[in-house]
Amino acid sequence: MQHGQVGAHPRVGVVKFASCDGCQLTILNLEDELLSVVEHFDIIDFPEATSARSAGPYDVLFVEGSVSEPAHLERIVELRKRCRTLVTIGACATAGGIQALRNWGDHDAFRASVYAHPEYIHTLAKSTPIADHVQVDAELRGCPIDPGQLVELLTALVTGRRPQLIDEAVCMECKRRGVVCVMVGKGIPCLGQVTQTGCGAICPRFGRGCYGCFGPREQANAAGLARYFEAVGDRTTEDVGRLFAGFTAYSEPFRSMVSDLGGTRWARGEGAVEAAPAGGGDARN
Amino acid sequence: MVTTAPARSGRPTADGPGFLGRDDLGVLLDLLRDDGRTLIGPTVDDGTIVYDEITSVEDLPHGVTDEQSPGRYRLENRDGERLFGYVVGPTSWKRWTFPPAVELNRGTRDGHRVTFEATTVKPPKLAFLGARACELAALAVQDRVLMGGEFVDPDYILRRANVLVVAVQCMTSASTCFCTSMGTGPEVTGGFDLSLSELDGGFLVTAGSTAGRELLERLPVRAATAAEKYGAAAVVAGVRAQIGDPVTVDGLHDRLMAQLDHPRWAQVAERCITCGNCTLACPTCFCTGITQVTDLTGENAAMERRWDSCFSPGFARVAGGSFRSRPRDRYRQWLTHKFGTWWDQFGTTGCTGCGRCITWCPVGIDVREELNAIAPAISLAPEVVLVEPVAATPNDFVTARVIATKQETPDTVTLTLTGTDPAFARGGTGQFAMVALPGFPPLPISISRFHADGIELTIRGAGPATRAMAALQIDDQVGLRGPLGNNWPLDRAVGRDLVIVTGGIGLAPLRPVIDTIIANRRRYGDVKLFYGARTPADLHYRAELERWGTRDGLDVSLTVDRAGPEWTGPVGVVTQLFDQAVWDASNMIAFVCGPERMMQATASTLAGRGVPASRTYVTLERHMECGIGLCGHCQMGKYFVCRDGPVFSIAQLGEIFGREGI
Chain R
1 MQHGQVGAHP RVGVVKFASC DGCQLTILNL EDELLSVVEH FDIIDFPEAT SARSAGPYDV
61 LFVEGSVSEP AHLERIVELR KRCRTLVTIG ACATAGGIQA LRNWGDHDAF RASVYAHPEY
121 IHTLAKSTPI ADHVQVDAEL RGCPIDPGQL VELLTALVTG RRPQLIDEAV CMECKRRGVV
181 CVMVGKGIPC LGQVTQTGCG AICPRFGRGC YGCFGPREQA NAAGLARYFE AVGDRTTEDV
241 GRLFAGFTAY SEPFRSMVSD LGGTRWARGE GAVEAAPAGG GDARN
Chain L
1 MVTTAPARSG RPTADGPGFL GRDDLGVLLD LLRDDGRTLI GPTVDDGTIV YDEITSVEDL
61 PHGVTDEQSP GRYRLENRDG ERLFGYVVGP TSWKRWTFPP AVELNRGTRD GHRVTFEATT
121 VKPPKLAFLG ARACELAALA VQDRVLMGGE FVDPDYILRR ANVLVVAVQC MTSASTCFCT
181 SMGTGPEVTG GFDLSLSELD GGFLVTAGST AGRELLERLP VRAATAAEKY GAAAVVAGVR
241 AQIGDPVTVD GLHDRLMAQL DHPRWAQVAE RCITCGNCTL ACPTCFCTGI TQVTDLTGEN
301 AAMERRWDSC FSPGFARVAG GSFRSRPRDR YRQWLTHKFG TWWDQFGTTG CTGCGRCITW
361 CPVGIDVREE LNAIAPAISL APEVVLVEPV AATPNDFVTA RVIATKQETP DTVTLTLTGT
421 DPAFARGGTG QFAMVALPGF PPLPISISRF HADGIELTIR GAGPATRAMA ALQIDDQVGL
481 RGPLGNNWPL DRAVGRDLVI VTGGIGLAPL RPVIDTIIAN RRRYGDVKLF YGARTPADLH
541 YRAELERWGT RDGLDVSLTV DRAGPEWTGP VGVVTQLFDQ AVWDASNMIA FVCGPERMMQ
601 ATASTLAGRG VPASRTYVTL ERHMECGIGL CGHCQMGKYF VCRDGPVFSI AQLGEIFGRE
661 GI
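Protein chains in written order, with this note's numbering: chain R, 1 to 285; chain L, 1 to 662.
Among these hints, one or two may not hold up.
Looking from chain R toward chain L, a few residues come up when the C-beta cut is under 8 Å (computed) [as the list claims (entries may be wrong)]:
(1) V114
(2) H117
(3) I121
(4) G160
(5) R161
(6) L165
(7) K175
Read the hints as simulated data drawn from the structure, not as lab findings. Glycine included, each C-beta is placed from N, C-alpha and C at the ideal position.
Sequences are here, hints too, so could you generate the full structure?
As structure tokens, this is what we get:
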């Protein structure tokens with residue numbers, strides 16, 4: 001790749017917005033590749049790993065987390081100016097994250113119900129992905145990101161080729177690995193068909209339905225899947241809407257499913273927040 | 001240690017059927033294992049009967065059956081100790097003969113040097129236990145596709161040769177079965193080494209090959225009684241009656257291909273999630289994609305071939321977008337290929353009626369329903385085939401060396417390569433090469449000139465891989481496979497006037513045509529070249545264009561979209577140039593190369609000027625993934641562009657040319 005001065009390694013930063021740091025930990029968990037990564041990149045800013053700080057400029061900036069506070073609005077624009085390539089990592093940065101479920105609710109009421117002194121909490125009414133604010137050059141999906149995809153992206157950056165972040169359904173990975181379809185075989189609702197692969201089908205491999213943490217794939221027919229869920233399962237329209245209300249709920253077309261079908265009782269303060277849609281439950285009778 | 005058959009009265013004839021007692025089935029498994037084979041057979045895993053490695057009779061499903069319907073599969077206990085009282089599950093045998101991921105080769109890039117080494121496999125000796133009639137048919141279909149023609153998959157050939165097949169007659173059917181309609185079952189009639197029919201107390205065993213006869217000879221069997229033979233036949237006859245004939249297959253190819261505009265395609269696309277499960281569950285689907293597996297430096301790269309699906313949006317993506325951008329296009333592609341164009345390509349059905357695509361469609365789309373809705377009984381006119389494929393399929397990348405580079409336009413370079421595979425010396429106009437740098441995906445590039453000991457490639461640096469190739473310097477190396485594809489039909493141009501229409505880098509695959517014409521100028525009549533480019537700076541081969549027009553006796557007309565102050569020629573699209581040209585179309589042949597839209601416009605203008613579709617040829621650029629003729633990415637109707645093309649006549653393409661989403 002072309003960067004900074006000839007012969008120098010790309011200067012890499014890792015920064016976070018509203019997030020749990022789990023994606024940063026995925027970088028640190030690249031145990032076999034970590035030495036090679038350090039050989040090929042100068043990591044100049046990475047709060048989870050080093051106390052060294054830099055204000056850039058960066059050849060590559062990995063951004064974790066969603067834009068969730070007023071201060072984030074300026075900070076992301078500023079960071080964008082200081083990096084050549086901006087890569088968002090994880091469901092928060094690419095989709096708004098689980099915290100974007102508040103986007104369907106009353107932000108002030110939430111704040112007041114959780115914090116004793118809500119006046120100290122400076123948050124935006126909506127949690128939004130980085131790409132809503134600045135141009136993003138590449139994204140690694142997932143909650144957390146997949147180490148294999150991370151290595152692929154780093155390799156592509158070193159080689160100067162396009163990363164092979166293949167846009168296909170999670171189903172393809174299930175079938176290649178010989179994982180029996182949990183929807184057909186067990187009646188468990190699964191979003192794998194409309195979700196971008198990259199996780200290695202980890203949930204179906206453990207007998208669970210995919211809950212879409214890698215977000216919708218290109219041209220995802222979420223409406224078609226929702227109609228099927230409603231037709232064959234013993235569940236209400238609102239139940240179906242809530243199947244889409246996970247870590248990437250704020251990405252279209254999942255967002256429309258949540259908005260159109262409902263399933264946002266929690267956001268209206270009606271009843272307790274129930275378990276995530278993955279796992280048991282028969283899609284059919 | 002296994003003993004051979006003990007002396008029992010009434011040995012069967014060499015092919016059987018013999019009767020093998022239930023308790024002696026283990027002897028068969030032992031014999032297969034003693035032959036050095038790993039056993040693959042049905043076993044219950046997580047509530048489903050899958051095929052997997054088994055070691056003993058205990059691993060087989062005992063007393064269970066499967067209940068299947070569109071989008072639903074459940075196991076149920078049934079009375080008795082039957083071991084094969086179910087039909088097919090989600091696994092198909094192609095998992096072992098055509099695995100989900102296969103490494104093709106490894107490439108390394110060390111500075112300017114590149115090397116490639118084909119990956120060799122030593123496939124394990126396997127025995128498939130329990131293949132059903134529809135599955136034997138599926139193996140035969142893949143045999144035909146992957147090793148039955150000029151284009152073969154060496155990996156498949158090696159794996160397939162190491163498989164011994166023990167078939168089983170079906171005793172029951174699922175609601176999703178339709179082998180009866182497809183003519184593949186339920187009776188096991190051939191394509192096996194041994195076949196078993198399960199009865200109370202044991203199995204009828206029939207041999208279907210030399211290896212099977214040898215096994216049968218060593219099994220503790222007695223001759224089957226007439227009652228046992230009748231009983232076995234009655235069971236499978238009952239299965240046939242149970243299934244009925246859900247799909248009318250007579251004339252299905254023509255009926256389906258006549259319905260490319262049926263509104264049902266859009267309706268089914270509302271339900272279809274385009275997840276691709278049907279294609280990967282299908283025992284005959286063979287499409288693959290190539291992935292680079294590299295270390296962090298990218299200098300050591302393995303090319304891995306993986307199962308791919310025509311339902312994934314990236315499958316048909318080329319520069320400028322996907323040629324099957326809508327889900328309805330992708331469903332139509334799949335259905336028309338399975339039941340239509342598969343016949344044209346391979347002389348066999350693509351569907352064996354196993355029903356996997358119905359059961360394992362997560363939203364329960366039933367292919368039988370779609371066929372019955374889309375393909376009513378009407379007939380279709382016969383089609384024309386004019387160009388015979390002449391492609392060759394060398395298997396491995398050969399390293400070639402750059403001996404000259406020439407900047408054609410600001411982003412386009414012509415590389416002269418030497419040290420190429422000797423096959424290139426026999427190459428012809430219109431052919432292309434798969435070009436690879438380790439770490440980057442291999443790309444099909446038209447050969448823009450043939451030399452005695454090398455070729456030229458003209459490459460526009462549009463993406464990372466092409467930019468890396470266009471940046472190669474003298475003495476750098478690159479991997480080549482080829483030459484691939486068919487030729488421009490220059491033999492049909494002998495004695496005729498020839499019109500060549502192209503734009504930009506589209507001149508590259510036509511340059512060898514011009515070279516050939518100039519070398520044999522008196523064989524051809526008037527030769528007109530109409531060539532357009534975005535700007536004067538984007539005209540390729542400037543010096544040659546000049547020479548072709550002055551010294552070499554070609555009529556060269558140039559146009560640009562945007563002129564600069566130095567340009568005194570025409571401005572506008574290339575078809576405007578020949579609007580005014582005077583020609584006698586009765587003796588004319590046309591070669592056209594450009595984006596598909598430009599070629600459509602040109603073809604229709606040429607038709608308006610009297611050049612018939614049978615003498616108007618185009619070269620198609622599709623998503624050529626492997627250039628081996630078997631990955632499926634570049635399919636257009638009944639053609640694979642990399643093997644049947646890339647050069648086609650408009651008559652040959654017929655109504656699929658220019659149709660959206662084909």
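Compare the structure with the hints numbered earlier in the document and write down the numbers of the violated ones, lowest to highest. 1, 2, 3, 6
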